[in-house]
Amino acid sequence: MSKPKSRNGKKNLIGPQLKALRARDDISQRDLAVQLQLLGLNVEKDVITRIETNKRYVNDFEIQIIAKYFKVSYQYLIDGEECL
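So the sequence shown is numbered by my numbering: it starts at 65 and just counts up by one.
Hints were generated in silico from the structure; no laboratory data involved. Please note that a few of the clues may not be correct.
Unchecked claim - Simulated crosslink set (DSS-like; lysine-lysine; CA at most 27 Å straight-line): (1) K109 - K119; (2) K135 - K83; (3) K119 - K83.
In this text, all values refer to a predicted model and were calculated from it rather than measured experimentally.
Start from the sequences and build out the full structure, keeping to the hints where you can.
Set out below in structure tokens:
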């Protein structure tokens, strides 16, 4: 059974938000990977690239750690908007 994709063929919903958050905080993909590793997420720079370009699926626990690092809600990462 194949993994689901969005209508436009993207493999995740958080790519644009992740890229925007990195720009906001002026952090490179490599440095972000290091910081996420310190929080227990085993990722490398190329994983960040693949998430941002929607070429990699993202698990719920990965979303949780990314949201924790950037101090944003899960909803922001998924929908691009904060909870009311």
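Now for the hints, and whether the structure bears them out:
A distance of roughly 14 Å separates the Cα atoms of K109 and K119; the hinted pair therefore holds under the 27 Å criterion. Restraint check: the Cα-Cα separation between K135 and K83 comes to about 15 Å, which is no more than 27 Å; the hinted pair holds. Using a Cα cut-off of 27 Å, the hinted pair K119 and K83 holds, with the two alpha carbons roughly 14 Å apart.
Consistency with the previously given hints is maintained throughout, with no hint failing.
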